[in-house]
Amino acid sequence: MEILVCVKRVPDPAENEISIGPDGGDIERDDLVYSVNEWDNYAVEEAVRIAERTGGNVTIVSVDDDEGEEVVRRQMAMGASQGLLLTDEAFEGSDGLGTATILAAAAKNGTYDLILTGAQADDGAAQVGGMLAALLDWPYASVVNLVETNSDGPLRIGREIDGGSQEINEIETPCVLSIQTGINEPRYVGVRGIRKVASIELPVMDAEALGISAETVGTAGAKVRRVDYFVPEQRAAAEMIEGSTEEIADRIVDLLRAQGGIR
Amino acid sequence: MDDAMVQRPFSPASATIAGIPADLLFLLVTLVGVGVFAWVIWRRLEPLRRARPDPRLSRIPERLVMVLKYWLAQWRQPRYMLAGVLHIVVFFGFLVLAIRATELVLLGIFEGFEMPGLGGGLGAAYHVVKDYAATAVFVAVVILAVRRGLFRPARYAVPEKLGKDHTPEALLVLGLIGTLMVSESIFEASLFAAGAGSGHATALTLTWAFERLLSGTEVPALASVNLAAYAVHDVTFFAFLCLLPFGKHFHVVTSLFSVFFMRLETGTVKPVLHGVPDADLDHLESFGVKTFEDFTWKHMLDFYSCVDCGRCSDRCPANRVGRPLSPRFVSIKARDYAFEHYPAFRRSAAEPSPLMGGIYGEDEIWSCTTCGACEEECPLGIEYIDKIVDLRRGMVDDGNVPQSLQKPLASLEKRGNPWGKLEKKRAEWATGNGSGTPVKLVENGETAGTLYFVDSITAYDDRMQNIARATARILARADVDFVVIGTAEKDSGNDVRRFGEEMLFQVLKEENTESIRAAEAQRIVVSDPHTLNTLRHDYDHIPPVHHVSELIADAVACGELTLKPMTDPSKAYTYHDPCYLGRHNGSYEAPRRALDGIPGLRRVEMEGNCRDRAFCCGGGGLMLFYEPEEEQRMGVVRVQQAREAGADVIVTACPYCLTNIEDAIKVAGLEGEMEALDLVELIDGQLEREVEAPDLVELIDGQLEQPQT
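Protein sequences appear in the order of chains A and B. What the first sequence shows, in my numbering, is residues 16 to 278, in sequence order. What the second sequence shows, in my numbering, is residues 4 to 712, in sequence order.
Take the hints with a grain of salt, since some may be wrong.
[As the list claims (entries may be wrong)] Here are the simulated lysine-lysine pairs, PhoX-like style, with alpha carbons at most 20 Å apart:
1. LYS336(B) to LYS211(A)
2. LYS428(B) to LYS417(B)
3. LYS336(B) to LYS167(B)
4. LYS424(B) to LYS211(A)
5. LYS164(B) to LYS336(B)
6. LYS410(B) to LYS424(B)
Please keep in mind that the hints were generated in silico from the structure rather than gathered at the bench. Bear in mind the structure is a predicted one, so any value in this text is a computation, not a measurement.
If we strip away everything but chain A, and leave its shape as in the complex, we get (with noise of 0.2 Å):
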């Protein structure tokens, strides 16, 4: 099976102390490392082991500028065979649309059976998979925590419902599926697989290669523009519960039930 994982480098909240710019508009970029998407470390996990059940490449892809190039190179050390940078001035600004229109037209570029995305990322929009899918009129499953494949016919996946249940759905190839968390335990890539995969060549392509145009992507072509970014204000909400060991655990249950915690 040839599988596309879509990747995106993100500032780790684990390893920055995430705060605002001066001008309000973004977080302070400035001392920030950067590491691959949560969810894309699961999306190429499990493209990994599909591709080693199933035989067939798995190709990661990332549209950012040349310091992209490390992140695709830490996920193709967890066993792709290719990667794949999408770099562009006129990508710069895109919104989620934008994006999947650069992806769609690397997607095309190959033969691919199956493209995996993270659920969502550091910007909590969960809307590239989709629009991808959309864009290249295949089907689509969010949210996949479960994928089994058969030697021919469709994909059985998993997805977590609201609430905790499972649901399982067939789904015919190709297709794209956005990946949740936990769905596998990724793999640990140390210097030195990163340093095995270093010499591997790295393909570029801009908006011409991808044959795009510029106007369609990037800010010019964004469709939604971000307005403003804060932190909320803290509210003083938390209830503090007081009494016996036996009171709280009382008052706890009653206010899970209540909430919906638990049935």
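Assemble the complex: chain A is given as a structure, and chain B must be docked to it using the hints.
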């Protein structure tokens, strides 16, 4: 000699059994016994021939000292007194009786054979000694059998999932040894009873007892007893010999070699592959131990030498708190693997199978805190840390790393510390601390004779920053001109290396080495024993490294630091030895001397659990992030030990120990009753704050002498 021979009324070599000359039969037994033994040993060496290299022929004089100390003098045996003393009896009995056993074997083939040199007076003396040796061994064997069979010490128990109890094997061997002692004595006694030789058996020996039992028996009957005793001894001897390489008693053969080749250093970790310099590591196909054949030959020899005595696991903190690790079974399972895959009488298994998920579990191998208690205890110096690290290297190479460790490892790579804290905040502890101690920074172009390498936890953790500040104040008070690297300092990587991430360690080491050299200091001082260990043993070409406790002890001793008396002399203090300061670096006394330098401080020891037997607090470095399966926290066990010793305050000298012990005091519900402190915090609190009159004069004098600027 000839006279003695003539006097013998019977001898096994001249007897016949079922019409066949007995000397022929005994020759056959000997040839078969020696042949089978030699073959099995040859087969046992096969995995060692396929193993990874491990150069162990350096420093021969030191190795010979090891042999004298650990093998001949049985140095570590009395750490477990009863078993140890009994073992010493059997060991020396064996050494003495080896000569007699050889003589006996040849006596059945060559009529009247006598060991060269053991005629005359020396021979007579030897006979007295060997009779007592045999008797002592017999008594020891009986006690051992009763102990093993009836009292069943807990440390010999085999958990259900790890197979059958090993008691039958132990009893079988004890039975064989007992049989050897008895049959040799009966053989000897029958000769005395028949009036052969001179006089009587040595009093109060087995031979003496059997001589009395056999006295009055007719000579033909004695001849039969003599022949039977000889035959039983001969067959038992070779059965025992050939049985040795099939179980834990292989150590009778291998222990001498294991001890000779044992590690001579503590605190070190073996290179990924001996003979491959760090710079060439990138070219290696595979890292660490993934299959049995990836172990070094010495590590395989260790597996053969393991006596299954359970001392390692008895002292292993991971085993104690119910983690899925028992060092004893790290060896036993590998030995069983070797016996199964390299059988003595069949062809070797063609394909090596992976160890992880086979004989070892992931949690088992991640459970080790590398505290070194097992290695300190093993009477034969069997190595565990290197094996654990090699197995971890294999897992890291396969990407098989617990999720709980992946984040801190990624942060170490990106930010140089496991929490992902910003580099620019690494020296923040030194600024605005209100201590009034200015701290020089290498990044400001400052240099000094002493470099204080702070390391991650002490630099970033709010609580542990106290250790950094206290260290800075103590150094200043002791007139030590020191400098700190600052934002360029990275985690020293002690535990990165010991968790198997060798290449990340190499990156950290390279960056730190550069910063350390830029400081141009003549020595390095650390407050974290993990830092001490890795800088001292894993880094190259950097100045000598000292733990701050050594400096304090010396400064107190020579009066450079004066300490106030304790305000509350009723409190009892106990010192918890950090594994990486004590066991791995042999520093037990300096911290105690420093503590004893505080007037009025009452110090108690956690007897039986201190110094080289200190119980690990739970482990440092990445172990803080690992989520093990366990029934109890190690720190809680440690706090209980301190409480049993009557301590109110646990003083340690390691930020990780402090973290774990402070947590454990809370978990144990002893908050308010017990407290934990770092040595530097305690010393800092006892520093004389006001400058006394003589110092003031010196200070003024000093200022006057300084050139005016």
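>> Which constraints among the numbered hints does this structure fail? Numbers only, ascending.
In response: 1, 4
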